[in-house]
Every structure is written in C-alpha cells, then in structure tokens.
Amino acid sequence: MADLTKLAPGAAVLLQGNEAIARGALEAGISLAAAYPGNPSSEILESLADSADSAGIHVEWSANEKVALESAAAASFTGLRAMASMKQNGVNVAQDFICNLNISGVRGGLVLVTCDDPSGISSTNEQDARFISRLASLPLLEPATPEECLAMMRFAFELSEAIGNLVVLRSVSRLSHTRAGVVPGELPAGRALPYWDPKTRWFTVPVVPRHQVMLDKLARARSIMAASGFNRYQGPDRPDLLVIASASSALYAAEARRMLDVEGRVGILKLGCTWPLDEDMILSRLEKASHVLFAEEIDPFLETEIKALYAQNAPRLGVMNFFGKGSGHLPLIGEMTPGKLAGAMAGILGLSWLPVAKDYRLQATQLAQGMAAPRDLAFCPGCPHRASYWTIKQTLAVDGRQGIVSGDIGCYTLGLHPTGFERVNSVHCMGSGLGVASGLGQLKKLGFKQPVVCVVGDSTFFHAALPGLINARWNRSDYVLVVLDNSATAMTGFQPHPGTGVTATGQPGVAVDVESFCRAIGLPAQVVDPYDLGAAQEALYDALQQPDGLRVLIFRRVCALVQGRRGGHPWRMSVDEKLCRGEDCGCHRYCTRVFRCPGLVFDEARGRAAIDEVVCVGCGVCAQICPAGAIKAQAKEDAA
Amino acid sequence: MTQASAASTPPAACLDRLRQEVLDPGLCVACGACLGLCPHLLLYDGQVAAPDPCGLADGRCIDLCPQNPGPDPRQRRAGLQAARGLGDEAPLGPVRRAWWGRAQAADLGGRAQYGGVVSALTALALEQGLIEEAVLTQAGQRGTPEGVRVRDREGVLACAGSIYAAGGSLQALNQALAEPAEHPLGVVALPCQSLAAAAMGAHPRYPAGRRLKLVIGLFCTMNLSARGLRQVLGQAGVEGAVTRSDFPPPPAGVLVVTTRRGVSEIPLEKVRPITLKGCAFCPDLTAELADISVGAAEGSPGWNTIIARSRTGQDLMELALAKGLVEAKAVPEESWAHLTAAAAGKRARAGSAREEINHG
Chain A
2 MADLTKLAPG AAVLLQGNEA IARGALEAGI SLAAAYPGNP SSEILESLAD SADSAGIHVE
62 WSANEKVALE SAAAASFTGL RAMASMKQNG VNVAQDFICN LNISGVRGGL VLVTCDDPSG
122 ISSTNEQDAR FISRLASLPL LEPATPEECL AMMRFAFELS EAIGNLVVLR SVSRLSHTRA
182 GVVPGELPAG RALPYWDPKT RWFTVPVVPR HQVMLDKLAR ARSIMAASGF NRYQGPDRPD
242 LLVIASASSA LYAAEARRML DVEGRVGILK LGCTWPLDED MILSRLEKAS HVLFAEEIDP
302 FLETEIKALY AQNAPRLGVM NFFGKGSGHL PLIGEMTPGK LAGAMAGILG LSWLPVAKDY
362 RLQATQLAQG MAAPRDLAFC PGCPHRASYW TIKQTLAVDG RQGIVSGDIG CYTLGLHPTG
422 FERVNSVHCM GSGLGVASGL GQLKKLGFKQ PVVCVVGDST FFHAALPGLI NARWNRSDYV
482 LVVLDNSATA MTGFQPHPGT GVTATGQPGV AVDVESFCRA IGLPAQVVDP YDLGAAQEAL
542 YDALQQPDGL RVLIFRRVCA LVQGRRGGHP WRMSVDEKLC RGEDCGCHRY CTRVFRCPGL
602 VFDEARGRAA IDEVVCVGCG VCAQICPAGA IKAQAKEDAA
Chain G
-4 MTQASAASTP PAACLDRLRQ EVLDPGLCVA CGACLGLCPH LLLYDGQVAA PDPCGLADGR
56 CIDLCPQNPG PDPRQRRAGL QAARGLGDEA PLGPVRRAWW GRAQAADLGG RAQYGGVVSA
116 LTALALEQGL IEEAVLTQAG QRGTPEGVRV RDREGVLACA GSIYAAGGSL QALNQALAEP
176 AEHPLGVVAL PCQSLAAAAM GAHPRYPAGR RLKLVIGLFC TMNLSARGLR QVLGQAGVEG
236 AVTRSDFPPP PAGVLVVTTR RGVSEIPLEK VRPITLKGCA FCPDLTAELA DISVGAAEGS
296 PGWNTIIARS RTGQDLMELA LAKGLVEAKA VPEESWAHLT AAAAGKRARA GSAREEINHG
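Chains A and G, in that order, are what the protein sequence lines are. Terminal number for the first sequence in the working numbering: 641, no gaps in between. Terminal number for the second sequence in the working numbering: 355, no gaps in between.
Read the hints as simulated data drawn from the structure, not as lab findings. By construction, the Cβ of each residue, glycine as well, lies at the ideal position given by its N, Cα and C atoms. Among these hints, one or two may not hold up.
[Claimed, not checked] Derived Cβ-Cβ restraints for the label pairs, each shown as a range:
#, chain 1, residue 1, chain 2, residue 2, range
1, A, Ala636, G, Arg146, 29 to 39 Å
2, G, Leu263, A, Arg402, 19 to 29 Å
3, G, Asp53, A, Gly568, 45 to 55 Å
[As the list claims (entries may be wrong)] In silico lysine-lysine, BS3-like type, Cα no more than 27 Å apart, as pairs:
#, chain 1, residue 1, chain 2, residue 2
4, A, Lys450, G, Lys272
5, G, Lys272, A, Lys445
6, A, Lys446, G, Lys208
7, A, Lys308, A, Lys289
8, A, Lys359, A, Lys289
Modelling step: build the complete structure from the supplied sequences, incorporating the hints.
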C-alpha cells in the first residue's frame, strides 16, 4: 500500500474503499490503529502501517481482534483518537469487550470498522456484523462509496467524542475493494499528549444506571446523525414505490431504477446512518408512500427495524405494503445485485422485465469454461499444506482407526476440498479446531475409538488457539495437534504475526515461537519438514500410536509464495516419459488425479504426465509420490 | 493438456470392490498380494489401506486377494489347482508324498521353527538354481514382519523362524516381479499367500507371475495383528526384539515368546482378541496351493510335517534327502489322522463363517 499522508488535500485521487477509510482516519487525527488481518478488511491497516512513520502514529497487527480493539480503547482512555478494523468474524471475537466498553464509554474518538463479506467470497460465513450496533446500542454508519468512506470516518470520530462512546462503521467487500475518485482533506497539524487522569475510571458498574447512560448517548447520537447529511432522499415526492437502502445497495437500487426506466415512479431513501434510525425522516417518507422495498446486505436489518417503527405509527400511517427479504421478493442469502433489485422492483410495479435469457448463466458458464484453464479451488503449487495433508491422509489411512481431523481457519481450511484430499472433518471459526479436538479427546472413556488430529496454522495458533490448547493440556485431552507453520498469515496477504518477529510497520518485534510456548506448558513439540513425506508420515504415525494425552507436531515449511519471493525453490522438475505409467494399471494418472498439484498436468496426446513449467515452482514433493520414479527433480543450478 | 477433474473417476473400480469385500469389513489378513502393484494400496506397520479412489475397473488387486470370496470360494481354489494340473482333494489338498523331517545343517539350529526344513529347502532351491531369488519374511521396523528378498543361504538363515503376525510380505514379491528381469523366483508363503501366489501365476494380465517357480507353504491356523501382538507383548512386559515365537500344541494354551532376556508365555485368551478377523474365513490349514507345505510335527518337537504337492515340490524334497540336508521318516498314522481332522475342521469352520457373513 502507499503512504496516504502524501496525498495532496483538494486534489482528486483514485482510492480503494479501504484506503479511503484509512485516509479518513488520518484526517481525523488518529494516534493508534490496531487490527487482525482478514479479507476484506486487511488493506485498511496495511495503508495505515505504511503511513505510520509519516503520521507519527502507532499502527499494529494485533494477535486478534479483541486485543486490537482493547489496545485502541486504551488510547481512547488517554484522550487519543484510535481505531480497530476487522472482518465480520472479528467482531465476534471482540464482542465480549464491545458489550462492556459500550457501558464504560470512551474518551478520545474510538471507531470500530467492520468489513463484511456478503456471499462469503473470502470467508467461512456471510455474517452481517451490523448486529453489534443493535446489540450494544452503538451508532452505525454505512458508507456507499470511497468518498463516503473518507467523510464518514471523519464524522465517526467527531460523533464518538460527542457522545463518549464507540462508533461502528461498516463496509462490505465490494466497497472495500472498489476504487473511485476521492478528494482528500487536510491532515491535522498536531495532537494532544496522551494522559489518563488517575481519578478517572472506565468501568461498567453499577450496571442499571450506566445502562441508562448508554441509552442516553445513543439518543444524542440520533440527533447528531440526523443532521449529518448522510441520509438523503432522491425521487418523486409521492413515489409509487419507496426504496429504503443502505451502502452499495443504494447504488444498485439507483441502477435498477434506471434499467427499468422508472425514475419518475420510484424514490430512493439512502440511509448512511443506520443505527439509531432517523425516525422523523423515515416516517416523513413513509407518509408519502404505500409500497416500500428494502435494499440492504445481508440481513433484513433496516427492514425489521423500520417495520417495527411502522407498527408503532400504523394508526397514523394506515395500511402499507412492505417488500424485501421478509416478503420473499429478495433473497436472504448472498450479495445484493442491481439485477436482483430490478427483478423485485419490476414485480412490485407490475412490469415485465427479463434481464437475460433464462439459460444465460448456463450458456455463459459453458462458454467461459472453454476459454479458461481448468483450475480447482486449490493450494498453490509447492504449497506445504498439500504435502501436509498428503501425510495426514496417508497416515490416518494406515493407522486404520478412521481418524478424524478437526480443522481451523486459514489457507489450510481448503483441506476440505480435493486439494487437501478432503481430509478435514470440521471447520468453524478461529481456534475452534482445538476446542473441538479437546472435546473429542475426552470421549475415549465413553467408547470413542477414533484417533483425533487437529490442524492449526501458525497465525491462528496465536490468535485463538491458546485457550483450547491449555484446556486440552489441563484436562488431559487425547489428540495430536499438528501446527501447519508456514511462517506467514498467508490467506490474508502475508501479514506478519507473533511468530515472525516483525511488526506491522516492518520494525523488529520479539518473535514468539510455537515450540517454546508448547514446551512451557509441558508439551515437547517435534518439528518436521512436511516436504519430507516419509519423515512426516513416520512422525505423525508415531504420535498417533502414543497411548494418551496431547502430542504436538509442528509441520514447518515457509509458504511457497513467500519462498518464491525469497529466491524460489531448488528443483527443476521433469517427467521421464519412459517411466511414467500414464493410465496403465497400477497408476492411472496418480499424480494429476490424486495429488493434484497445479504444476502437474496430463498430456492427453502423449498419454503421460507432464510438468507445467510456468506453474511449477520446483518444490520437489511430487517426485516422492510417483510410484514409477518418473518424476525427476534436478537442482536448478545444475539444470541451468 | 488438462488438469484432471474429480469427474474422471468412473465407478466400480477394482479398488472399490477390494474395499467393499475385504478392507471395509475388516477381512484383510495383510498378506501383501495387492501391494506393490500400484500406489493406491499402502502398507504401514502391518496395516493395509487405500485412501484414494483408483478408477481402474480391471486392476489386479481384487483378483489376487485371497480374501476376495468371488461367487464360489471353493470353485476358485479348485480352478487354481486345476490351472497347475492338480486336484482339490479334501481336506488336505493334493498330496504327492508326506514325511516327517528335520534339517541336518548345524547353522539352522536354534533359530528355525521346528525342524528347519523350510530354510533348508529354500537354501537348496537357491543353490541349485531352481530359483535365483526368494521372498521371505523378516521382522522389520517396529518388529512388524515384512517381505525381504534374498539370493543366498545367509539371507535365508537371517529369516529363519516364525513371527505369527501379518506383514504383507507378498509386497516384496510384486515388487520383484515388476522389475525388468527374467530370473525365476520363489516364495515362502502362508496358506493365504499360497493362494495369492497361485493367482499371480495364473493371472492373464500378470505375465511376470510365470517367473514364480517355487512356493513353499507354511501350515497356519490363524495369524495375529502385528500391532495387537506388540500391544499384548508390551502389556505382558516383554521387552526387546522377539527372536522366536511358537504356539505349542494343546494342551499348552500359550504363545511362547523368546527374547534375548528370556522366554515368556502369553495365555491364549490374551492372544485370541488380536487374531485377524479374516483368518476365520480361511479354509486352508496346510497351504494347499503351495508346491510343498511344511508345518509342525505333532508331538515330536524338532521335527516338521512335510507335504509335497507338485512335482517341483517333491523333486526338491527328494534332492534334499539325497544330499543329506534333511532327514525324514514316515508320518505316523495317528498324527496324519489328526492333521486331516484339523484340516477338515478348518474347512468346515471357514464355510460356516462365510455362511454367517453372507446370510447373517
């Protein structure tokens, strides 16, 4: 990312949504930003990290989202402005703190940015994190464009300080990763020194009166937000259909209205401040419409709350018709699109509208398949996880007791798919693999005979695995933990983590290594190179045969992409066509059909396996799985 | 060029049948007949497994498996006997001649099981050039038996003695047969392995199987899980490498295990639970499909019962007698009657076990 302090105030520039959020925070004068990486939020902190030196602020990747928000709150308690950014799942991790911080309140402006991922494009779920505002009675802002990202961030800090509480800003994947013209404002000239008056305390008791204080803050926020100008209506005074929309869905609604050529019949109330609701403005629009469609991602958040608001005012408003996710006019799942909204609008207005032929999607898919190289959802060529899962698959098979693999969050979640030989039995959230394994490891006395392997990445290990590990150790749970240590937070873009010993700004930190931690709780951890299939399989088999307790193996090999940047892998691979058995008995395309590294292809014309030299990185692992010894690894230096 | 897709695996693969008939019901006896043919079948520490789909309809694994019953197990055995010009006489299989015998060579003393005849005959076959290489069984990593390939007397002597656990030793035979070579091979085989060896020799898509010129069979009542045996020995406090193990005839009721530290007796009730489930389906006590079968001589420690079945087997034994490598005497009638009854009992029990699994 770029140093955002270098942007010239007043000069339009193309910024990604996430960069605009970061620039907005800088313009608001933040002093501390903390985050845990997770798509689609990661670029916010990366931009801030690259601006940290120039801005003179502290920016860090924290071990997890809860710690990130707690660190940011600490800065707020000293009077500084601070923020924490995360993906939707991170809000769950931070939730316990949020639901107490909302009562204690804050001093310096404090903003939580959540970047949600409708359709779960790079997530294990498509959770709508706006729930946190409703749950914790916190103001919620939903920008629709990068320009609004910047403006709303500046506003969010003002609002936070005005009411003395945390403010939530919610982005979504399409906004975070879109680029649009933004006009940056001025950066602040200076900032106050952090100071915590020892007479002030931040806490939550007595709960009941402080609960009232929290609600009073929310009421103040309602009036400030109503005056912000982020809620706008555009359309005829008395529309046939009123669309109430937030964020990107407001843009989609405008596009759908154009596509249907109904700009004279449909009005759009675009809400940027979505909690608490600007009730006066919304009621004034409801008075002038009898048909209302809600457009938002992902849950019917506005829809539910505005229908409740209507119920309160129904005697005055009379009978109204509400459409959206509740009525079935829009799906409850997946991203919103202009097409979905156009379909809903057309249905309500009684227009016939067929955007594309019914079998268009099928035809387009077939056409595209012919043009694109076939690719699985797969581990990268040379990925150590492929080798690790190969070992897990082979070893559990010869162990013969129908072993179970408890999985976790990271690149290695793909072990669910053929690229990991479908050798993962359970995946939920960060660290939950260890908790599930801990429970499974107690079931032997109840008759559970299957061995349990838990896989966890190095970054996840530090994020959320430690309590599960300690629990298992304490309660004598019986399983084998395999730490898939690729020395990177690879899934989210190679951010550093505690094990790397480098901080977000590239400065040296103190490396925290997995094996030292394990040793400290009395677990000797054996380090194995997953590229050495024989050694890894033997180590895992031996661990599985040990009778009781928790055993730890660390499969350590740096991420293949990181290795690529460090000068690559040592081997040039080739296939000896005379030895390759192709489709013959006893092999049947073993390497391309079963091992499935993208660097291996099957040459149909010659009936033999081949190396795709553009894709292959030269890790050498496939040479170990070829039963005919046909795949050869030659040192690149010798080959050159 | 294409990347293989998941759709490239057609149904009804040979390996699917092997899983369905043998591996999944737990009937595998780890003989090793399916191993070494392809990368899909794995052996580790005595356990056979197949984690991936193979996709071949006509692979050999299922055809060679002695635990694959086929439509008529009896017919299958009779067919394999007929393929080598022999009959399927009940209950001992074809018998050309039988002896009690024991090896004369001093270097066989101590290690060999009973009379040392297997080692003597194998060494003689190698020395005579009847075979150039023999596949035997030896304790490998973790004490689990595994196949080894030997070419001379020293190699044979290193493998003397029974282990009584399954270790997939035919894997080494398949590996030897896969190499581009022409020399004749021999194998020392349990009854299940003798069946597999006969299947290799007769399989239309296994031309290298014709190189198998000598099968020396071993009598067998049941085999043990290698891991189970290790566990039982561990629980009994037996430490270190086992140099010799034996089931003395009734009424002993024990497994006798010899290590460097001494001799231990494990009660049979500890051993029965680790018997391979698949052994209950085997009708063959005396390796009926071997060229020559060797086992204990009841009530006569230090002697073997020897049954020559084929011309090759008889010639080898008679040469050993002529050279004074083995001394022999007639099998006492009472002992022969006991062996016949025991063999008939095993056939009957296997038949009922098969009935039970088919209809129960």
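Hints, one by one, checked against the model:
no. : hint                            : verdict
1   : A:Ala636 / G:Arg146: 29 to 39 Å : 35 Å, holds
2   : G:Leu263 / A:Arg402: 19 to 29 Å : 25 Å, holds
3   : G:Asp53 / A:Gly568: 45 to 55 Å  : 47 Å, holds
4   : A:Lys450 / G:Lys272             : 18 Å, holds
5   : G:Lys272 / A:Lys445             : 23 Å, holds
6   : A:Lys446 / G:Lys208             : 52 Å, violated
7   : A:Lys308 / A:Lys289             : 16 Å, holds
8   : A:Lys359 / A:Lys289             : 36 Å, violated
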